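Enquirer: For chain A, the structure is supplied; the task is to place chain B on it using the hints.
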Amino acid sequence: MSLLEVKDITHSYGASHSFWRKQDVKPVLSGVSLSIEEGTCLGLLGSSGAGKSTLGKVILGLEKPQQGQVIFQGQDVYAMDAKSRQQMRRNLQVVFQDSYSSVNPRLTAEKIIAEPLENYEKLSAGEQNRAIASLLEQVGLSSSDMKKYPREFSGGQLQRINIARALALKPKMIVLDESVSSLDMVTQTTILNLLQDLKTMHGLSYLFITHDIRAAYSISDTMAIMDNGQIAGVFHDKDEVFTSQQPAVKSLVDAMLPEHPRYRNAAAPKEAKKLFSR
Amino acid sequence: MHTQPNVLQVDNLNIAAKSSRGALPLVRNVNLELKPGKVLGLIGESGSGKTVTSMALMQLLDQRAMQVQGSIQLNGQELNGLAPKAMRNIRGKEIGFIMQNPMNAFTPVYTIGNQFVETIRTHTGLGKKQAVELAIASLESMNLEEPAKLMKKYPFQLSGGMLQRVMIAISMSLRPAVVIADEPTTALDVTNQLQVLKELDRLRTECGTAILLISHDLGVISQLADEVAVMRRGEIVEQAEVCDLFDRPQHEYTKKLLQARPMFSGNEALSRLVI
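One line per chain: the protein sequences are A and B, in this order.
For the record, in the first sequence the residue sitting at position 273 is 273 according to our numbering, with numbers rising by one throughout.
For the record, in the second sequence the residue sitting at position 68 is 1068 according to our numbering, with numbers rising by one throughout.
If you're looking for bench data, these hints aren't it; they were derived computationally from the structure.
Quick caveat, the model's predicted, so the values are computed rather than measured.
Please note that the accuracy of each hint is not assured.
From the structure, some residues in chain A lie toward chain B, with a derived Cβ separation under 7 Å [what the hints assert, rightly or not]:
(1) S47
(2) D184
(3) M185
(4) V186
(5) T189
(6) A255
(7) L257
(8) P258
(9) H260
(10) R264
Glycine included, C-beta positions come from ideal geometry on N, C-alpha and C.
So that you can see chain A by itself, here it is in the shape it has in the complex (with noise of 0.2 Å):
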């Protein structure tokens, strides 16, 4: 049994008008349909409209679909009870794009941090400290940032702290959407690295969604794309893509820019543009 199964997901926004108004309502997601095993990573790709956020949102419960399913470890995201759900957001965290309004400014990290646990978990003073140190430490931050406040974060540090507190209470997947986009390349690359590594220790999931092939062929087990709210293609071998000629697809692999000055105006291969000889 798959981790997430997500089942012909279909849904407009606003679709609730008044019967006096005529108005087109075009489909955001249109049947979509994906899994996720446990313990691996699905890459969501697809330029903005594509509906990937959107999805996010189905998957995480925060917008019912008006039709298909989202069943997550078992059960339907949208038929459970309360406990379950409760139960369920546990297990299923998310960490945002925009890091600075993702978290309270007048909270500090240690705060930040400790708000599921403190929510979820009855933890001594002593025993939270000691989880919120070691969360601290896991995504490359110390204890000593621990009382300072978000202005004194960089984006890219303050990520992390929103993947500690993702962290906290032991999820078995993350939804990551577009949550490296707002970093620069360096900090990108860091953060990717550490989100691998979180992964292979904690036999996490992953929904990476973004729009840049390169961070999501760096981290996805499996590469899905979307295009106008369908799924336009799923490669369990992620180098399909490259190859593939599937427009939509197509078009995101043609628009990556060069690895090297060399490969600026390419009339090779467009595999060759991806490439990098040393």
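Expert: Here is chain B on its own, set in the frame of chain A:
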């Protein structure tokens, strides 16, 4: 080979923030040269001083808070210390600016057309009708669809990619000598990125505009730059022709930057396709 004079010549640029503890250096001894039709890439992490440098070039730093020393010459004319009124004539007309977040470049309460025409008429002697024609022609040259209709839209009705192209269209219409593009593609998704960079490329080949391309993204630099300056903690640590920089980086920091990209694994199947 005939070497053209530099359009932009920056010598010994030093920028410091004024504080109660004295002047805190932000940018030190920066020297840059821009030739017509050439693209100089300025790469560095966030906080390296790239944006502060670009703001100084356009004299947009608050003199009460910042100290700018050194020479900034545009076609031989010294800009540092130039009277605000004279600088206002130069900004836009001679030096264009394309900023990271296109949404911030436009006033939300006026249409695109309104803002475009205002910019044109501020810097040229064109009448309203002529300005509108020029605006429409510029939008068309950016491969934007239905330019006349676009003129009537408000900024929020356009996607980031479209707004960025509108910004480039405005820049192109004034035919500036230099364009400073500060992270022009960071806020855009991958399908728009390449398109915007290709439009910038056209700007330099068709109009001979010199471009200072600021980015933290090596892919952007790879795509467009002729020469690259690497900035770290307010200083330029290395400067080279783009292929040289990628093939033979000299400074430790440059090497670190080049290595810090999510790379594709040395896959057997793909390596067959290398020419």
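Enquirer: Against each hint, give a clear statement of whether it holds in the structure.
Expert: Now for the hints, and whether the structure bears them out:
{"no.": "1", "hint": "S47", "verdict": "holds (4 Å)"}
{"no.": "2", "hint": "D184", "verdict": "holds (4 Å)"}
{"no.": "3", "hint": "M185", "verdict": "holds (5 Å)"}
{"no.": "4", "hint": "V186", "verdict": "holds (4 Å)"}
{"no.": "5", "hint": "T189", "verdict": "holds (5 Å)"}
{"no.": "6", "hint": "A255", "verdict": "holds (5 Å)"}
{"no.": "7", "hint": "L257", "verdict": "holds (3 Å)"}
{"no.": "8", "hint": "P258", "verdict": "holds (5 Å)"}
{"no.": "9", "hint": "H260", "verdict": "holds (5 Å)"}
{"no.": "10", "hint": "R264", "verdict": "holds (5 Å)"}
Checked against the numbered hints given earlier, the structure satisfies every one of them.
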